[in-house]
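Chemist: Since each chain comes alone in its own frame, lean on the hints to assemble the complex.
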Amino acid sequence: MTSKSNSRSTSLLIKGGRVIDPANKLDAEMDVLLNDGRVAEVAPRSKIRGSADQTFNAKGLIVAPGFIDPHVHLREPGQSYKETIATGTAAAAAGGFTVVCCMPNTSPVADTPEIIAWITEPARAPVVNVFPIAAATVGSQGERLTDFRALQRAGAVAVSDDGRPILQDEIMRQALATAAQLGIPVVQHAEDTRLTAGCSVHCGEVSFRLGLRGMSAESEAAIVERDILLAGHANAHLHVAHVSTAAALKHIRRGKRHNINVTCEATPHHFALIDENVGDYDTRFKMNPPLRSAADRDALIVALADGTIDAIASDHAPHARYEKEVEFDRAAFGVTGLETALALALTCLHRQHGIPLARVVELFSAGPARALNLRGRGSLSRGAAADVTIFDPARRWTFDAAKTLSKSRNTPFDGWQLTGKAVATIVGGRFAYRAE
Amino acid sequence: MKKSRSLLGIEALEPGEITRLLGLARRLHRARPRSLLRDRRIALLFYESSTRTRVSFEFAAKALGAITTLVQATTSSIEKGESLVDTGLTLRATGADAIVIRHPSSGAPHLLARHLDVPVINAGDGMHEHPTQALLDAYTILRHKRQLRGLQVAIVGDIYHSRVARSNIHLLTKSGAQVVLCGPPGLLPEVAATLGTGVRITRHIDEALRGADVVMVLRVQKERLAGLPLPMDEYIAGYQVTPERLRLAQRDAILMHPGPMIRGVELAGDLADSPASVITEQVANGVSVRMAVLLTALGAA
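Keeping their order, the protein sequence lines are chains A and B. Numbering-wise (the working numbering), the first sequence opens with residue 3 and increments by one. Numbering-wise (the working numbering), the second sequence opens with residue 3 and increments by one.
Do not take every clue at face value.
[Claimed, not checked] Simulated restraints on C-beta separations:
id, chain 1, residue 1, chain 2, residue 2, range
1, A, Pro358, B, Asp88, 48 to 56 angstroms
2, A, Arg255, B, Arg253, 30 to 38 angstroms
3, A, Arg196, B, Pro17, 38 to 46 angstroms
4, A, Gly281, B, Lys82, 54 to 62 angstroms
5, B, Glu192, A, Arg196, 21 to 29 angstroms
6, A, Asp282, B, Gly213, 31 to 39 angstroms
In short, the hints are calculated from the structure, not lab data. Glycine included, C-beta positions come from ideal geometry on N, C-alpha and C.
The following block holds chain B by itself, in its conformation from the complex (with noise of 0.2 angstroms):
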């Protein structure tokens, strides 16, 4: 079984193999696409709703002449109470070269990539990570600043919550750049600072921002606060990014959101729109950074 060609998170990458994957989205990127998956078989799994994620996975495949299948939880026979191991048995025997799964559960991707021969790609597992986001939120900070080293990255919002941020953290930190989280500590226990080295905390924003060259805001999941009282004006005092708290940044600092992103809570006005946010360009940069990573989990790299 060649288990090693899954993308199960961040964390288990070399920091090469982030530095080659971010390579080959960039030639990607040039380069017309041509059919280097030619008839090659992606089962998208999702048991989570999603737009940007599934779709981009879907434009990535298809670009690369792959053929793609989506398996969604209310429309099979998840539904009737299938097993997640029967269901990528069941996805295997039917064909499927290469499974993307997005799923509530922390470790359902690691669960299916135990079952199956196939490769499988993580497209984010409940609070755990989120690899392919972290992949172009990289590609994306660099596309604007020379090198991830040295970078100062704040990351502000649902930190517990967010595979996104567990992905970025250990990405950037592999990378070298210096990580700064920010958030209550309802929605950012002490504890996130282990995750990677000289990742620090701080609970303001002020000092999140000062000096920072990419801010990465995130949403505040209300789906997965169970029960965690969350008094929404007094985050938005303490830890909305505004016009004027962003200025603390450095000039041609980055203004990120892995989406979906509500208006006047994380963010205020319009600051989504405005000349620091690359967030449009977040989404635009997802389908080379997957058809990277579907062409190195194919083998076709």
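Pulled out of the complex, with its shape left as it was, chain A reads as follows (with noise of 0.2 angstroms):
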């Protein structure tokens, strides 16, 4: 794209989609609008009043808001070899994601005003949005918080010490109390570390049956509920980060019943394998948190539809291949899993369990967009960022990781057969993907 063609203002018609709103309770056929970047109009055809230069036609698709991935890792500043932002949101957009979150555990932590601002520099080349997540202590060491007013300033939307997550009470209780007054939320990965020393499975038949260490349930429901407990006292907003057990589940629905500002995301590995799927130690199928039991994974089932959990994140985990074919215990945590997540949400959320469409849909834009505040983001609504997902439910398709636009291919799902897929992803009113 020349600067030139970036500069011209442009709109865009989207014409006779079905539209899933969730924010605004909208399912039904309707043309969009999009102009100078933001929604324009979303009205029944024949009744937009604008006029557009260029026209999508959806007929037959679902129209969306902007998929956003609250949780991705795109391994810049520092680990290149696995991941750039440029890659990785190619990806992104691939899967139909028009925002991607990234996670600060980078080389160094993303802990600085100087590092956001870096990530979100256009000499990245990103192809979709990119809202980074701040270190919550200085290089994610848990032991003294970072400048969150600067970092916020800088461009973060949250912070995190994911992958390390912050055991002191006290640190974490001035994390959300700091960023309570800055309005954004505090995102842990709910692990307690001291718990989980060697561990590289969930703890249960399956670790016992392969001799592996496991990670139990409770090493993650127990950080959560101390976390709702001092997100309560600190009226703070707490984001717990890839929930996977239904111990901690309870926890957050009853952090949510008690009006607790606690949000949760959950991933489609989780959601789509359990442990056993693990085999003879394919460390594909590892990650953190690891695969859980069955009725974990049922539990999370459970939860996406009735609302407990509040997003659906790919925690997109590039590594390289020599990080991965290694022993099992040694292997680095970690799936890929941008381009997978919408066809594995439709096709085991939607097809499967019979969770509806505007569900799946919620799950991708109002949802996350409520868990981490983005205001302007995750709906359709007059104004609103011109970040649309154009995607074909019903389209059939195999995914070949051999193909990926990642720059990594550790994914468990490679030959999976799925439904539904991505056809345009629009970032800003332009073009960020379309399926040939």
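Modeler: Here is the structure:
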């Protein structure tokens, strides 16, 4: 794209699609007019007043607010051999995401305004919006808070020590209290790492049989319980990353019932897979939190349906082949997931478990927007960012990891037959992705 | 790729394969070994220290005429940071026809087998399995008992960290023995009962030993405890096999231990030298069992 075409104001009319906009309780055949990077109109066919330079025929497709992934690892700065912001966001666009929130466990850790600003520079060549989540403590060491205000000014939308959970009560309390003043959430990877040293899978029958040390469900649930208590006291917003156990969901449900500002996300791999899928030590199935029991998976699906879980997050965690083709207990944690998240949600949640399409759309749009307090995102309200995801809920396709746009291929879903795929991803009124 | 000839664990074996391996070991034990593996190259890849397993694999291979080489973590490129897969590929490229691997990580033999077209034999992987130990234990039991089916076998001690226990539980339950596990909760989680059909758990050693035909004692693996608090005197009081406790077992019960044995901890005094003990015999039987495993893996059985 030349700078000339970038500067030209554009308008796009998306015609004839089924518009699902959960934030506005809308589910009807509508046209959507985008103008100047904003949503200009959403109206029944022929009621659109404005005109457009470009038209997209969305007949038979779902037109949704741009999807937001609240939890990805783009690996820059410092680990561009795994992924770059350019390649990661290309994969995001292909998966239907218009916004990705990237975690700060980069090298160095994203704990200063300078690093946050570097991540958001146009020079990184992002294809979709990149909203960084900054480290909550210096170096994510869990000891001293970073400068939340400066980080927010530089573009951070939340703080987290993802992967290195904040264990000290007092530090977590300070983080929540400080973040509350700024209106941003503290995102916690809930794992009591004092209980999980050397663990590589979920603690249960499978871990015992394989002779692998297992992470207990309690190691997640105990931190969630404490954090909710602290968030309640501080009147702060806690966002629980990748919740994976029935025990943790119980605490989140109770917290919500007591009107504590707690939100949470779940990943496609946790609702599509269980610990048994690890098979004979297949490291493509190793991530943190680990794949849990069938009962945990079932509890997750219930919570995705009933609203306890606010958002779906891919926890896209690319790794080089040589970091995965090693002994199971030495292999890196994490799987890629940006290109398969939507299809897994449609296949597992919608088709297999009957969760309505509108709810699936909400989990990708209004849900994460609310969970990370992203104003002007996650809806097709007039004036909202012209981020639109257009997908075909019935398209059958096979995911081929060899063709991924990510730099890495550490996916457990290679060769999976899926139903539902992004057809076009529109970011700021322009096509970031169009399926052939 | 003929991966099927690898021996990665007992779990994947059919009862018939177990019987066949034990029968072959019995024939090899009687016959003078012949050079059935003449000039075949067997790499012994040991990432963990070992005395009896390494030596008995080596003797077994050499008795069959094979050439062996020992590759150890501390004296090879492994120390320089070479990955397991690369080390395996290097051994393959130098002409290894089979690889025997001992490794501290559970599943390491599976990783190697996935990347190589030569048989991989698991000589103990982390806390997972030690299939040749279970085979030689079964072989030893069968030299004293008519059959495995219907035997009551007590396995006492650190089950959680024990690859020997896991392989034995698989083998014994597949063969129709009644397995009773005994140990403190930290070393024997309830989930252990799910490993095989009919596995029972008790925290009382008297209950485990009463009526047992076979008593297997396991070492407390201090190197794998990983911060688990375990007061030794309490362990000894609760779980040490003593002459008095052993009297609860059948009169002709045999006492087994896979070694290395810490006298005075899991076994009292000189019990290892008592008439019931077949501990030395276990070691001796390891050679014929490993000959049978090597012959089978290399398609020469």
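Chemist: Could you run down the list of hints and mark each one as holding or not?
Modeler: Results of checking the hints against the structure:
1. A/Pro358 with B/Asp88: 48 to 56 angstroms: holds, 50 angstroms
2. A/Arg255 with B/Arg253: 30 to 38 angstroms: violated, 59 angstroms
3. A/Arg196 with B/Pro17: 38 to 46 angstroms: Because 43 angstroms falls inside the window, the suggested range holds.
4. A/Gly281 with B/Lys82: 54 to 62 angstroms: violated, 31 angstroms
5. B/Glu192 with A/Arg196: 21 to 29 angstroms: This hint holds: roughly 23 angstroms between Cβ atoms.
6. A/Asp282 with B/Gly213: 31 to 39 angstroms: holds, 37 angstroms
Of the numbered hints stated above, those contradicted by the structure are hints 2, 4, listed in ascending order.
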